[in-house]
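If you follow the hints, you should be able to join the two separate chains into one complex; please do so.
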Amino acid sequence: MIEPFAFPVLSTIVFVPIIAAVIILFLDREKKDLIRGVAITAAFIVFALALAIFLSFMNGAEAQAAAQQAILDNAADTGDARLTATRMFEDGLAFVEDVSWVESLGIRYRVGVDGLNAPMILLTGMVSVAGVLVSWRIEDRTKEFMAFFLLLVAGVLGVFLAMDMFLLFFFYELSIFPMYLLIATWGWVQTREYAAMKLTLYILVGSVVALVGVIAMVVTASNFFAGEGATVFEAAKAAGILPQGAGTFSFDMTQLMLAAENGAFNIPILGDVSFARVWFPFVFLGFAVLAGVFPFHNWSPDGHVAAPTAVSMIHAGVLMKLGAYAALRAGVQLLPDGAQVHLPWIVFLTLINVVYGAFIAFRQRDFKYVIGFSSVSHMGLVSMGFATMNLTGMTGAGLQMFSHGAMTALFFGCVGMVYDRAHTRDIPSLGGFAKVMPWVAIAFIVGGLTSMGMPGFSGFVAEFPIFVGMFQASPAIGLEIGSFILENYYSIIVILAALGIVITAAYVLRVTGQVFFGEFDRTRFPDVDDITVRERFVLVFLGSPLVILGLAPWLMAPMIENGVRPVLAILGVN
Amino acid sequence: MNVDFSNPNFLPWLIPVGPLLAFLIITLATNRSKLVPATSPEYGGHHPDYNGMRVPVVSDAGRLLSIVVGMIGILAAWVISLTVIGHALQAEHFGEEVFASSLTWMNTGLTEFRMGVLVDPLTTVMLFMVPLACTMIFIYSIGYMAHDPRQARFFSLISLFAGAMLTLVVADNLLLLFVGWEVMGLCSYLLIGFWFEKESAYKAAIKAFTTTRVADVIMLLGIAYLYMQTGTLSFRDIVYNGAVLEQLAATPAIIFTSLSAAGLIGIFLIIGTIGKSAQFPLHVWLPDAMEGPTPVSAMIHAAAMVSAGIYAIIRMYPLFAAGADPSHGILNAPLTLMAIVGAFTALFAATIAVAQNDVKRVLAFSTISQLGFMMAALGIGAYVAAAFHLITHAFFKALLFMASGSVIHGMEHGEHHVHAHAHGKAGHGAHADEHAHDAEVHPISAHTAEHGGHAGAHEEEPHDAGIGDQRDTTPGHAPAFDPQDMMNMGGLRKTMPVTFITFLLGGLSLAGLPLLTAGFWSKDEILAGAFYGAFTENFLGAYAIVFICLVLAATLTAFYTMRQIGLTFWGDARTHEAQHASLGKGIIPIAMTTPLIILAFFAVTAGFVGVPDDFPILGSLFSPEYNWFHHFIGPTLIEEPVSHAFNWIPVLFGSAAAIIGIYFGWRLYWREPLKAGQIDPLVRMLGPLHATLRNRYYIDELYQSVFVRPAQAFARVTSDFVDRGIIDGILALVARIFTWIGDFFKNLNNWLIDGVGDGVAELILAFGVWFRRLQTGRVQQYILLAAAAAILIGLIFAVSTGLLRAAGG
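Chains A and B, in that order, give the protein sequences.
Start counting the first sequence at 40; every next residue gets the next number (our numbering).
Start counting the second sequence at 1212; every next residue gets the next number (our numbering).
So that you can see chain B by itself, here it is in the shape it has in the complex (with noise of 0.2 Å):
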């Protein structure tokens, strides 16, 4: 094999060595950190328990180099994927014709496992996305992350994450993926831990980590019978592979033999996905998830690890859709899971959105949300809208977080000024420097820190009228400024234009917005599709459950996503913290801004490349000959996905949900903002509901008492009881009877047989002393005791010669 990095068919494998080889430069080459007080303020002085230890922070080389390494590696990514896009759209017949190649893996002579890469449309798709996306947020981290006194190790992680998800998207077999899969889930743990002081931080590592390992176990085993049905795992071999589909199809399952052989393969693998893609009921993870800093976040919510849950699905369809046909109306048993867990999820996580008052987490229920949309969407077979959507919603989500992050750094910004200016009422006069540099200590000691030491200058901070205190005050722990409090905000469009606007592009295509946004198109393709299976072909069943659910979940989305920006941006400030938010100046917010405007653009546009082509209007005018994206995805699978007629009511509903949305939205939020102290009227008119939304519906708690504590408790049972008490204690009852039974032998031996032994012994003393008697020294009397002996001597062996004779014979 000739290999020829300028033939697209071996250029995918540089795509993900980039990311990698940055990953191990970092690594390698910034660990030589210079030793600085924990209480130091490059350390972000977060740390005075250390007791003046000495801590590594990495030096400004390393700090650099980490930034230029990490940048020059996912650009070269970006820039190859650029060129195999190049390639790919020039190709002829392409999806039937593919890049590829691969090498050996495994080669034991008899059997073999090959490694390699494929791109296909579906690839080519994700490698528009993938990025894109990771380029922004690496370059939104260099601002992000200015201070941290640990960037280069981010670098060196984010680069991992980034290598991983381009492994995963351009790997030519399921174990290639799974290995990026799991790897993406251990920088995924390292990440959201990375402030790892923080027991809140790692505990959701942890969660996210052992959350998604119970749903990878699961996938793993759909793997390894996968195997074992085929003898390879090539997703050319397999889902471009009449035959294979067929044959697994008609072979009855191991277990639940009422399944076929691919329907419980579909199951395993989907198990996989709900655990990685945050679905109900693994969703639980997600929402922690973001105890990582922001542009974690943005990688695990878009770019990366939900997606390539929703990604591996896509790209294995025709093995869940074998034996179906979802556009008859015929669906199999992951099918149907795909479409209930989908539509189900959907509508879930929207309502719990609705309630949160946390930025970020209101956006972590709307990932889980709009992944259910695909979900759905996979499950009634609109392969393409889902691939769509896939796309669409990276953008903008990717989008929405960034901008969240900004916020929140904003936050922190104005609340440093306020702790500042407390301190400089406080007569600390030495501190007016601080001032000037407060954009550069603060982000590490904001994000981690309990905030104990600032707490005592917030209680002394006099309050102006009319702005009220909206801390937490939870009993036990020191009132603590939440800078991702959206009660905290308001009023932020004043001092950060253009974060408001880019979050408001953002979140208008997540809403749906019709005609102009993103997310319209891709969301309404998936109702499309619903739609016509249910009404149009009267399928009704898993189809209907899937439209009505999905409207709804679109309604709330719109809602939800208003209530956030109103909360956040609009009116006036509620804290005097939001009232001197802001990125402050230099390169941190041109770097933060950049990535934020760019995703904008494609928030707003990604959209158009999919407009049906018989759309009224908009088609002729986005799809003159046909509908691009559906037309190039399409020959990803042999049988190309058929595509609808275009039909108004769908639209007329996927509109009016997101207009209504949007409309109660502005209605509650924008058109009288909340003010200073005021309740969220959302409290008032839900009621009792609202706390079991604003509690997520007590899942944690429910999955706490379920699962965790049983577990623990069987844990306790078998280690205490069986191991320590049974199995111990049957060594134990077997030590005592052997004791027992030694006892008894150690007596018996006194008794019997050392008193047979000292009974010899004394009986021979006793013969020695009568002995001893014999020897009087008279000579006579020697001779006469010998000669009475010959004479016994010779007697006796007369006789015994006799008796000898006569026995004999």
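Isolated chain A (complex conformation) (with noise of 0.2 Å):
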């Protein structure tokens, strides 16, 4: 199993940004190279730390699925209760930390790891680190920027990490408010304040939607355990799933899930239909505006381009993640009978965000829309690989969240670095960089052989399970439409993505093709030189992830599948 560290490390991996922003705030806005030096020691604190607790995972994992099988085999289960999927995810957290924080409402600080999160604590990390050395040298307010980049970080990272749904909740909100200002105040001078209203308020309506339901699952799930399912809780405290004191009032995951897994959220409260069919599609799709589920796309595109580079990365790389992860933890981890129901006509969602995306990449000429609307493109997989709702659809949908958070903060990475040194992003007009930027067009090149699922990069070993995974389930799934039933659909659908895909290698070619290759216009762009050494250990620092994953994908999906398998559990798939 995997052994907690002397210190609290989430709860430090949290705080680290929070306390630098902090110091930073009271430095002298001159000294813009300590305020750097601040900002960048906190990234590499919290990248460091995300990288001790991501190799516990790695090297922990096999022991993790033998503990899970176990589980499985003696079924926990005792009389009425069925403990089974709980206990597994319950088992599957460490370096929990539990602390009370507002007791008569049921809301605990409760954080810790499992195997779906871990990749994205890392990926957090590694984009912080990055998204400090592009902004580098921005000098327009920099002690500002750091601080509110460092709280944009320790925003994301605390929801992540939450185990609580209110606690979840207070970071999102969190991260939007630095993400806002970032946006509005360094932003793209031509679209920012726009851009970032239009952000703000997606991301926030989405939430409340989500909020409203949650709140409605804990009232739910309170009424359950002091009713009917009393013996249940009773049963779940017995065997150390729960803790001793807790209250049936509560905001804590494990405790929902509990009463998810005893149905408590299959009671009919419009018609005959149940409680979870009705809240799935607000709570799931109230998460998944933030991972760009069409038709709620529309903030994400707008949002990067408008966006100072660090920030399109954090964005794109992460908070777009956020919005799955959310979605699967609070969506179909929750509400399992409502996924079952709802999935199979979401997924038609997904495969519009898969074409759609890259036919609208493929029409940009502005630079950075077309890996904004890649990004779209790309979190339709993620969501398809939900969809599935089998492990290696969703292995792969976790592998790809990785993938394309690395691969899409690259690409905003290499955009960025053209940009500065252009001052346009207009694709007809650039032209031969891979002579005067040679670092950039391979890097680039990289980034696009992973979003085309060239084999030997990440791409290839998250799309892949994805694809295997929808042939899998599509047997199994069908889409009641009133009389009629839609089967075996999931092979279509899954076909006419992977044409989705070639669509990307068409537009990364073009883009690589007129941006890097072709002749260089030394009279337009007289001082556009190479880029510099920082910027080249970025280049490398989320490149090599890339490869690595790609060619050794078993560092990270033995983790996503003992992360998904509580999932499946829940949703009666084994």
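A few of these clues could be false.
[To be verified] Distance windows between CB atoms, simulated:
1) B:Ala1454 - A:Trp384: 36 to 46 Å
2) A:Glu178 - B:Ile1283: 43 to 53 Å
3) A:Leu64 - B:Gln1915: 54 to 64 Å
4) B:Leu1293 - A:Ile531: 42 to 52 Å
5) A:Ile531 - B:Leu1232: 38 to 48 Å
6) A:Ala91 - B:Leu1293: 47 to 57 Å
7) A:Asp566 - B:His1901: 51 to 61 Å
8) B:Lys1957 - A:Ser583: 50 to 60 Å
[What the hints assert, rightly or not] Below, a list of computed lysine to aspartate or glutamate pairs in the EDC-like style, where the Cα atoms sit at most 16 Å apart:
9) A:Lys182 - A:Glu69
10) A:Lys70 - A:Glu183
11) B:Lys1705 - B:Asp1783
12) A:Lys182 - A:Asp72
13) B:Lys1409 - A:Asp560
14) B:Lys1414 - A:Glu558
15) A:Lys71 - A:Glu183
16) B:Lys1409 - A:Glu558
17) A:Lys71 - A:Asp179
[What the hints assert, rightly or not] Short derived list, chain A residues pointing at chain B, Cβ under 10 Å:
18) Lys237
19) Tyr241
20) Pro340
21) Asp341
22) Gln403
23) Ala473
24) Met493
25) Met509
26) Gln511
27) Ser530
Hints were generated in silico from the structure; no laboratory data involved.
Using N, Cα and C, we set each Cβ at its ideal position, and we do this for glycine too.
And the structure:
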């Protein structure tokens, strides 16, 4: 099993950036290098701790898998209480810190890591380091920029780590506020206010809808535990899944999952439609807005384009994963009954994401919009992986989250480096940049190959399981439309989605060709020069995981499988 | 697992390692290149546009390093392959027993995916061909790329290419094969676009990549589906396992349920091959792929890429044939698809090749046509014949491409000669030394530049009587000399004898000159297979189509080959450039001609390993006991492929096709060679059909208007109309409504709420004004008021208490 560290590592990881942000606020605004130094130190600490956590999960993956199998084999259910899935989830958590926060409302400060969020933490750590480094030359209000950036990182980390739904929302909103300011203040002058507002409104509306759903869940679960589920509650306490002092009213994820597993959310609330079925679309899509699910995707390209480079990196690289992650945790894991009914149609939205995003990316003239829409397209594959509701597909989705995060951060890094020097992002007017900026060209090609699913890069090891998962799911899933049952359509969806990936190849190559190949016009770009060592480091730092994961998927896939298995257990799939 | 590399089970791991290491070393070690001004002759002087900018050029040390490391890598692969082949030839029951080892790639405790290597008879044969052809291509590249400023990059990429192909060959599972497959696709992209300053080059690269990518993605779906059905992708577990195949053939497919699962997977994988091996309708990328340096064309067309497509099918053959029995006339959907696509492509591409004037383009269509032969052979169950033709074709096609590269090189040499000459006449006497160095500075300039600078010189150049100007004078372009246009050639045999003889040998092999050449034996076997099915057993149908198409295609093949050689080498030079064409002196021509000679040897003799044992006379000479190739390859399958009894009819058809084609080619282009300015006699003979053929049936244009433009239009509609119009429009509408509501509330607020609020404030103010009057300063009045107030309060108190009592009871 995974041994805890000698200090509360998760709190450290969340509070280091916050403390650094506070320190920065007290520094002299003219000492910019000091400010940058503090910021990069904090980012590196986050990265190092995240790496340590990741490595312990990597090493413990096999033992965890065996432990999960053991739980499945001697089912932990006692009497009427079904505890297996919840136990698997609880058992998979490591580094847990649990402190009561608002006792009367059942709100706790509870953080933990399992196989699903460990890669996400690592990703956040990487993108934070890269983000600080690419923002090194920001001279306009450096102090505020760095402070807000670190605050944003802390918020994002908090969401990934929170094992209490209230805490999750708390950090979720905490990350939106600096995001708004970062885009509106340091963004691209032409659209920054519009984009910042659009983004904030989309995300806020989505999260409010989800919040209402989650509160309804908490109340329902509390009524359940106080009433017919009292025996379940006691059994869970006896089995050590819940702490002895737990109250029935709680935002705790484990407790909500226990309620879900024991059918608390299957009570009819609207005619004969169950609670889970009514609320699933709100909770899932409310979070999935942040994952850019069609038709709620339009905040994302605008936001990416308007944001300064580092924020685009965090934004597309990490924030969109946040949406997908929260949709999985709060939607699929807590409302499995709803997932089984609704994901079969949501899969159509994900298909639209993949194909539609790719087509629009193909059309863009603005370098940054291409990447923005490519994110919309790739995030569709993540949701599609969720929609398979099987081990292969969901593991693929987890790998895709990490892969796309690093890849798109790399893309935005490349675009930023070109834009900083060329002062234009208009693709047709660029050209021949491979000659002056060979590192950026190579990095962009590496990212491009990842995005088009070339074997040897992480995109492939993510997409292939999603495809296999879709085929596996196909015979099992049907969609009822009135009296008509649509069957076996997953295999057709996956074929269409795969063709969407061809469009990816087309636009990636087109952009690579037009921006990096061809003639370089020295008269038009008189002072374009090669990138600095610091920027090279960023490219290597973000590019190498794409190759490492592509060649050695066994480093990450097992832990994601361990993270996914409890979700599958509660979905009733094994 | 004890890894012991002297054991043939583990040795194959090392085969791709050499080139892959070479790729890494060259890439990492030679990037510290020196910077020279872009106009320097060292950079080929082809980029005056860089305005004195300094561009990286690999240093001489880096150049040497790249050559040495690249050569060591591929030679190591070759030597190890030969060792493995040696083991394989000695092994007993080879086929049933194979050399294989694997390691876990993704172990998750519950599921496991293994990656490994496999050497069976089929692999052995490929291991003979691929490293040999690659080594020749590498040697040739030393000469061909000698003065390219990016020679190091070339060697690093071509090493990766070779490494990927070798990975694909030794792979023991479909996923590793696919890895090699895709890395080759990437290399082809980077190498076709090697001279990326040239727009046509990177466009061709994109075209090659995206076209094959469409097919690859479908193939990947096939792999995913296969994995989902069987839980493994290992070749041995699937194709050497009757139970799995039966189960796949019995399961209905997930979509198109009239097919079996095996059928659907087969069709998906075949589409992958149609893309990679450039079969109709996805053939369009291959002719454009010659934008890359010629060694790359040889690599793509012969040793690696396109062969990989056919190899993949041969590798997985039992899967395609599951549920069918081609030797008894029972074909299934995948086999029929292969037979029809292959036969059609073979004939279709051969007709196009007839009307091409570009020396490499003829060969490109010839490759497409020959791959069609193999596809068709596989479709009708002639498994061994397809493998045989794959090998012989690789030898003669690699030879032909490199020989045509020599021709182009020679023509550029001649062009440079003429150029320098013209300058000399114009008074640039200082260029006297250029004459001696011309072989060293020209290749890149001739390959990549638009020749804008040269054109002026050409214009001034006085023309000798009798030598016309065949230059392409497309409007809007400066007239540029095309060193690849056969109309500009003629008579090259005089100055380039080695190239001529080797080209001729390769060409005759391609044409299938009876009895003497490798091409004859392998083609004959395919025709024999088709004939046997169609007419001996009377299955007709697909078998007959294959036979007829292939005989016609073989005739055309012989004809266009003779036309090509005639136009290029025979007769007299049609331009000054051709007159002066040569490979120059020194190490470069040696590096370029040695591989030609070696490959010419194999292009002629490789066929003798597969002479049918019952072939009159020659059979007893070359195959005294049995047909060696058939006997060796056969055990790759569980059920060894049947060999048909010798039949004169297909042999006569095949020989007649070759001889008739050669005769007409000779008659039109050798007996009376084309003079300068004379129009190709085919243009007159074929009339309007010629234009159609020359323009490749307008298929590129068709695709442009049927696929590319609609896709772009669709993208425009989604982007501008749906995304910006509808979705953002809805958003804007919501925002507008909210604004209206906001305005409404704002006004309401101003009028009602603020009205009330302000009204209260004003009321209070008015009260204050009024109340102030009470403050008069007179004490008596104050006392009076206080008393009145006290009375009033007391009264209110008394009344309310009474009322409360009454209410409370």
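Hint check:
1. B:Ala1454 - A:Trp384: 36 to 46 Å: holds (39 Å)
2. A:Glu178 - B:Ile1283: 43 to 53 Å: holds (51 Å)
3. A:Leu64 - B:Gln1915: 54 to 64 Å: holds (59 Å)
4. B:Leu1293 - A:Ile531: 42 to 52 Å: holds (48 Å)
5. A:Ile531 - B:Leu1232: 38 to 48 Å: holds (44 Å)
6. A:Ala91 - B:Leu1293: 47 to 57 Å: holds (49 Å)
7. A:Asp566 - B:His1901: 51 to 61 Å: holds (54 Å)
8. B:Lys1957 - A:Ser583: 50 to 60 Å: holds (55 Å)
9. A:Lys182 - A:Glu69: holds (9 Å)
10. A:Lys70 - A:Glu183: Holds - the C-alpha atoms of A:Glu183 and A:Lys70 are around 13 Å apart, at most 16 Å.
11. B:Lys1705 - B:Asp1783: holds (9 Å)
12. A:Lys182 - A:Asp72: At roughly 10 Å apart (the allowed maximum being 16 Å), A:Asp72 and A:Lys182 satisfy the hint.
13. B:Lys1409 - A:Asp560: Satisfied, since the Cα-Cα distance of roughly 14 Å is no more than 16 Å.
14. B:Lys1414 - A:Glu558: holds (13 Å)
15. A:Lys71 - A:Glu183: OK: A:Lys71 and A:Glu183 at ~11 Å, within 16 Å.
16. B:Lys1409 - A:Glu558: holds (8 Å)
17. A:Lys71 - A:Asp179: holds (10 Å)
18. Lys237: Interface hint status for A:Lys237: holds (8 Å vs cutoff 10 Å).
19. Tyr241: Since chain B brings a Cβ to about 9 Å from A:Tyr241, closer than 10 Å, the hint holds.
20. Pro340: Because about 9 Å separates A:Pro340 from the closest Cβ in chain B, which is inside the 10 Å limit, the hint holds.
21. Asp341: Holds. Min distance 9 Å.
22. Gln403: holds (7 Å)
23. Ala473: It holds, given that the least Cβ distance between A:Ala473 and chain B is near 7 Å, below 10 Å.
24. Met493: With Cβ-Cβ at 5 Å, under 10 Å, it holds.
25. Met509: Holds, because the Cβ-Cβ distance from A:Met509 to chain B comes to roughly 8 Å (cut-off 10 Å).
26. Gln511: holds (5 Å)
27. Ser530: holds (5 Å)
Violated hints are absent here; each numbered hint is respected by the structure.
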